[in-house]
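Take the given structure of chain C and dock chains B, Y and D to it, following the hints.
There are 4 protein chains.
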Amino acid sequence: MGLSYLVYPGAHHTRFHHALGCMHLMQKAVATLREKNVSISKEEEQALYIAILLHDIGHGPFSHAMEHSIVNIHHEDISILFMNKLNQEFDGKLSLAIEIFKGNYHRKFLHQLISGQLDMDRMDYLKRDSFYSGVAEGNINSERLIQMLNVVDDSLVIDEKGIYSVEKFLVARRLMYWQAYLHKTSIVAEAMLTKTLQRAKELNDTGKKLVCGSAFGFFLENKIDQTNFDNDILEKFARLDDNDVISALKEWQYCDDFVLKNLSEMIINRDLLKVEVSSDKISKEKISALENSFCESQNITPKEAKYFIFKGKISNKAYDKKSEPIEILLKDGQKEDLIEASDKSYLRNLSEEVVKYYLCFPKLIRENSQVI
Amino acid sequence: MGLSYLVYPGAHHTRFHHALGCMHLMQKAVATLREKNVSISKEEEQALYIAILLHDIGHGPFSHAMEHSIVNIHHEDISILFMNKLNQEFDGKLSLAIEIFKGNYHRKFLHQLISGQLDMDRMDYLKRDSFYSGVAEGNINSERLIQMLNVVDDSLVIDEKGIYSVEKFLVARRLMYWQAYLHKTSIVAEAMLTKTLQRAKELNDTGKKLVCGSAFGFFLENKIDQTNFDNDILEKFARLDDNDVISALKEWQYCDDFVLKNLSEMIINRDLLKVEVSSDKISKEKISALENSFCESQNITPKEAKYFIFKGKISNKAYDKKSEPIEILLKDGQKEDLIEASDKSYLRNLSEEVVKYYLCFPKLIRENSQVI
Amino acid sequence: MGLSYLVYPGAHHTRFHHALGCMHLMQKAVATLREKNVSISKEEEQALYIAILLHDIGHGPFSHAMEHSIVNIHHEDISILFMNKLNQEFDGKLSLAIEIFKGNYHRKFLHQLISGQLDMDRMDYLKRDSFYSGVAEGNINSERLIQMLNVVDDSLVIDEKGIYSVEKFLVARRLMYWQAYLHKTSIVAEAMLTKTLQRAKELNDTGKKLVCGSAFGFFLENKIDQTNFDNDILEKFARLDDNDVISALKEWQYCDDFVLKNLSEMIINRDLLKVEVSSDKISKEKISALENSFCESQNITPKEAKYFIFKGKISNKAYDKKSEPIEILLKDGQKEDLIEASDKSYLRNLSEEVVKYYLCFPKLIRENSQVI
Amino acid sequence: MGLSYLVYPGAHHTRFHHALGCMHLMQKAVATLREKNVSISKEEEQALYIAILLHDIGHGPFSHAMEHSIVNIHHEDISILFMNKLNQEFDGKLSLAIEIFKGNYHRKFLHQLISGQLDMDRMDYLKRDSFYSGVAEGNINSERLIQMLNVVDDSLVIDEKGIYSVEKFLVARRLMYWQAYLHKTSIVAEAMLTKTLQRAKELNDTGKKLVCGSAFGFFLENKIDQTNFDNDILEKFARLDDNDVISALKEWQYCDDFVLKNLSEMIINRDLLKVEVSSDKISKEKISALENSFCESQNITPKEAKYFIFKGKISNKAYDKKSEPIEILLKDGQKEDLIEASDKSYLRNLSEEVVKYYLCFPKLIRENSQVI
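Residue numbers (our numbering), protein chains in the order written: chain C, 1 to 372; chain B, 1001 to 1372; chain Y, 2001 to 2372; chain D, 3001 to 3372.
Don't read these hints as lab results, they were simulated from the structure. Just to be clear, a hint being listed does not mean it is correct.
[Claimed, not checked] Simulated restraints, written as ranges between beta carbons of each label pair:
no., chain 1, residue 1, chain 2, residue 2, range
1, Y, D2091, B, S1214, 42 to 50 Å
2, Y, D2159, C, E35, 28 to 36 Å
3, C, E143, Y, P2009, 54 to 62 Å
Quick reminder that beta carbons are idealized off the backbone N, C-alpha and C, glycines included.
Pulled out of the complex, with its shape left as it was, chain C reads as follows (with noise of 0.2 Å):
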């Protein structure tokens, strides 16, 4: 949950605690899956917990931001990274695991598991960020869920009984969305974030020396890709962890770039800029009136004041059916969709995609200033 432990503070959970639950889910999916005829092999159970126990490894710490601005590699590439070497080792045992991952193994519901629209991620992460944060609006029922599995020509359907747990888990997660993921807080601090990292690297390409941690500094010092993301950048990046970020941020405080300094300074205090959400766009002159007071008022150039002032957009669908639909097996044995199914088709709301504009600003321009 990146940096939301800033609005729940008891959002303090860690990937390992996320990767043994989605496990726990796994064992017991399988188990349903078997009690149901599904034949489910000792190799493909193996690589199904391989997969699944593994399914993050490739998140660095703060992972969209760093991804943003630092190490521009999807965290599923690194992931893979992860697991080919992890093969190399273990003589080969990961292949099956690593074939089920990529979605190109012929039994489409072991990919689901782990992957899909019903995946023990989701029921993992769901549930404990709903737990940690204190957001109960975001609890599901994984048990009653997994129950519920089932697979119909290698791909997974929910047993028609099960249709109002799955509702009840849309609804979650599209709340767990806009009151925990897409919190207008954890927004900003993540933006924030992003943008103190971005500065970072601007500066060491202009040949500005920043105090960091040594793993840190050669991500920070050289460009990463995945052109040139090999084994010896991957034990590097293995090495990073949140320390790394939060140092180098506490360091920072006391450099002398304003725009680096200030803006670690406001993270390390939670002394957030100020962020507006509306359904509406905000307009460019909106953000140039906000531009030229705060330029004025802090003696800095406009291209410095972007870092403090900016806008984006947020957006959600609990159901992406367009992705991949969610099928009900209904008692007669035929499949219908989800939708088709819902009392009054009532479900299609969830696969439409609701979008929000957010604008960030200091405090100081609204407290000081007429231009809000």
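Structure of chains B, Y and D alone, referenced to chain C:
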């Protein structure tokens, strides 16, 4: 939850638990509203507690089944009779509570806390029934919902940032209806109990003496309705509890009336009628065919068969906008209708009625005949 | 928990819940022991499940009160009668379960899992009663206790690292006894119910006809003990439940016997006798004085007064070392007695009996007289 | 809980959570005592909240390890320095809180609520650590304990009927010590961290420059103790957090000192020393033999070996009667010492100290040699 423990064995909680729970939530609601500078006098506070503690006191054992067979008076009317009686005993100390309960007091929100779209009654029973039944889909965040309550012009509203909690509440209510209160086995059990009591009344009216407890016997043997429900009858009504009904059914297993004996046996042994639920109406032809087959095989009259073969309709509206819309208090101080305030008016669906039809019939017909 | 709901209103769970819970724990125990390479055959496994599901089946309604008044046969004997009957119906499929239940099977640990210092029965009821009563002091970690189970020479032992969990279990058991099972209000309620049933039996034996359900009436009117408890009587016994007892008490409130009428009324209205608990024995003089005062004020005989004024003894040993010591399996493979293995033999105390004495008497005596 | 997450991965909660939890309990304690007519003024109430919120503020990262290596000043003294500083900033508003915290205020129970046998600190950390670690044996009923609090002569007492809750509290505390705080893996991890920091300090003192964050570096490079701990140092101390220590260890894995490199690596990779716990003291001969073997195999000096081979003592008294006895308020208004009031003086055992001895040494010695 009536006979729902036949479906969910854990659902063994009592109306007494519910009354205490409502009282507890009401205390929180009063504290929250006062913190928001809604003035509530000591007298109004006490009246709220009295009214919520007593709001369900008019429910007899297996309330709805009883109301449709033996005690022809609505439980809310009996609640008021009890309150009036207590008011006499306590020298008028319940007068304000009764005014609020009846909706006659000028400050409308006090009544809404007792009986409305977001009253303490619903908040307690949804959470409690979800907990004890294990239907996790119905769990709600009553703490937060109460924190989001506010009052404008003596009318209850929800603070804007609570809109997702209301959404969750309405969806949870919808799911509790379809998974617990309207669960097909709950429906058939309640219908069978109603039929059993109707049959007992009918037999009594034709002069047959049935074994049962003395208070219960009084209601079986006399025609009681709103016109003659005096204090003596109220005192007798107060003696009734679930034990009377269950004990009577246990005795009636050994009586010589085919209908009463069989219905009683089936409920006591949890060997219920078969029930089929559908979104389409049940045809008369289907019912006739079942009746004919059953009459023939059991050598009984069509009138008797109707106690075992019958249809019905169940319906639910998660949000009954017409009876009383929920209003959102926006940050700018304006009020907005809940549906308009929701993302993409997404909640409009929840105010639409969902209707289903059910058909009950003896298991043996299905097993032994070609009828269905 | 009998009438404990008069003290702890939440304690409304049933013996059926308990049977399911024991079964669930037994499944965990079997899985754990097999993982530790304790061989348990399919037949033994099934027998364990049957035996634990049925271990309490001989309990009648308000079991202990009934046993000391109307049904003069021990509930374990009735359990065996039920099992034998089922064994006939199921062509001998319960034979092994019955052997294990009786303690006749050569592998002792199977019996210990059903009935012993650390059996599934205790683990379930302590946790369940603690949960429903709200006496959090009695909560135990049954999951971990089961994980610590092991078997040496067909006898149950606890792995060394589980010693603190056993300590916790014994302390929790001790606290549940003193805070719930032996709570003074539970004690007085149970004693009053026993007295009520004894009085009913006595009145019946003198020819008085009491109103009650037919199955209950059978036991009231006949002298039933181990010598004449045949299958017909077993069938009648199976019909009894709490409803019969409570319904009878409700009727007896209106009978003309001073003792029966008043005891019934007091239980139904939860207006119990006063009870005093002390570590010293109650003197005969104190009792006599109370009796005299009560006889005089109520104009009743000393024999009648004894139904309202009586003393008793309650005692508990958290750990009954003599009946069967708990053994710890040390890391070196040796077994050691639990007390010796505990820090500073600290657990010796828990094997000592704690005894207390109680005196019950009508409230009005205390209030109206100088006696006490 | 320091490095306990290496044993119990869930134990990832923070001191901030604990401070909020203590505050919450203190609010309940104040409300309970006032209901019992203990007068607590508005000023005393506020002072209690300030004192409990700040009671742990002097803890640095990995507090105990740090105190025994780098920052030679007790955390309670630093807490007072922080409070004094805040008191200046807030114009003396913390004066009463500081008096209470130090135990100088004449109403002793206010200090006992902050720091005593039954203070809010212990109640929160036992319940919290039990919850997050999963060591269910340590769970306590803090709600009820607080409800049993009372005050006689400005001194904290427990109402008689709360005696079983106190027993449960003391046993839970004892079990938490042996299963969590003094778990052998927690012990070895903390000892290794202390050794690592001591080595870093030693290397620094011999002129070696170690990579680490700037605030942490300040404490490594200067000799800080109570005599020179001024406001500037306090400000630097406030900047320290767990990130500094973990980041330093991560860097030190790559340094060229055998001791620092290996200890750092072992902690970061959770590849800890072997630890043996026993009730007997560890002999010098055993240690010498281990040291010799290790020196030889690794080609290091005995002084270096001592960083990997060492012994220690752990001890716990669940109830420290001498420092401050718990007093029970009997129903007759008299006070009685807890031990005397307990059944059979059973709690005397809990006031006896339990002592164990541990020996740490590298795994490879055990595996590769005949020494042990």
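Discussion item. Please list, smallest to largest, the hint numbers that this structure does not respect.
Written reply: 3
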